[in-house]
Amino acid sequence: MRDSYKVPLIRADGTKVDGEIYEGISPENLDDFETDWYPLLVALRNEAIKRTAAGDECHDGADYHWKWRRYVERVGKDLAWKQFALEVGGETQGLMQLSLVQRSRIEPGQHLVYVDRLAIAPWNRKSNKEGRRYRPVGPLLMRHAIGTSLSEGFAGRVGLHSLPGAADFYRDRLRMKPFGPDPEHQSLEYFELSAAQGQNEIEQSQEN
Amino acid sequence: MKRTMTLNLDGREMEVVESLCRAKGLSKTALLRQCLRLYQTVENRIARGEKLFFEDDQKLKSELVLL
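For the protein sequence lines, the chains are A and B, in the order given.
Letter by letter, the first sequence follows residues 11 to 218 of the working numbering.
Letter by letter, the second sequence follows residues 9 to 75 of the working numbering.
These are computed hints drawn from the structure, not numbers from a lab.
Just so we're clear, the structure is a prediction, and the values are computed from it rather than from any experiment.
Hints are not guaranteed to be accurate.
[What the hints assert, rightly or not] Straight-line C-alpha distance at most 16 Å; calculated EDC-like pairs for lysine to aspartate or glutamate:
id, chain 1, residue 1, chain 2, residue 2
1, A, K26, A, D126
2, A, K136, A, D13
3, B, K32, A, E97
4, A, K87, B, E51
5, B, K10, A, D13
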């Protein structure tokens with residue numbers, strides 16, 4: 011049985027609903043990704059390529075090629091990784107993979123939680139024309155990463171390389187420190203949340 | 009589910025544990041969990057045929073094989 015944590019979400023019509031963040035990605039989560047998410051992500055990606063070609067730069071669906079089944083198989087009993095799935099009513103709304111063996115750039119030598127991958131269901135993205143089915147899936151998973159950092163003794167420090175379409179969120183919403191494009195990581199921009207910022211984020215979420 | 013174990017260390021070993029805990033801001037439990045992760049990571053990579061190197065500031069690499 012997987013450990014789980016209840017989280018509050020909002021439906022497209024504004025009503026509240028409880029979700030659960032489970033530790034571990036189940037076969038059902040993988041089925042949801044491959045059956046329900048993947049075709050929509052491919053469509054998002056194709057649309058983004060067309061828009062970009064027409065001069066309107068668009069990064070939607072940039073994570074369409076992530077092979078979640080392979081990541082789950084690879085992690086197995088490896089303690090360096092933790093994986094999580096956010097579900098509502100048994101349907102997968104978000105997936106996240108964390109690494110626990112990375113170091114901080116803000117405080118060199120200190121440990122942090124590194125968000126290796128974070129993906130939300132295509133119907134929960136801003137690009138969904140009918141409005142997001144559930145929100146805020148991404149921020150709740152990020153908050154869970156910060157909570158994991160605290161519970162592992164890493165003081166709330168979190169780092170990640172952002173896909174281009176998500177960089178604004180990490181920079182402007184979470185105010186993570188930008189370190190610029192990382193040539194050793196496909197030139198994706200690296201961001202880091204300090205211990206003080208992480209603890210502040212959790213305190214604020216507990217007040218709300 | 010969490011399980012509890014008792015760990016017997018000699019004085020020097022405990023000094024190292026306490027020193028690392030201070031330096032990293034970790035509890036003893038968090039430190040030992042991190043040690044286990046890192047040890048397993050190294051073992052897994054060596055088992056896959058990979059090698060572990062340290063690189064100094066002159067970019068000279070020395071292979072570490074004794075872990």
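- Item | Numbers of unmet hints, in rising order | 1, 2, 3
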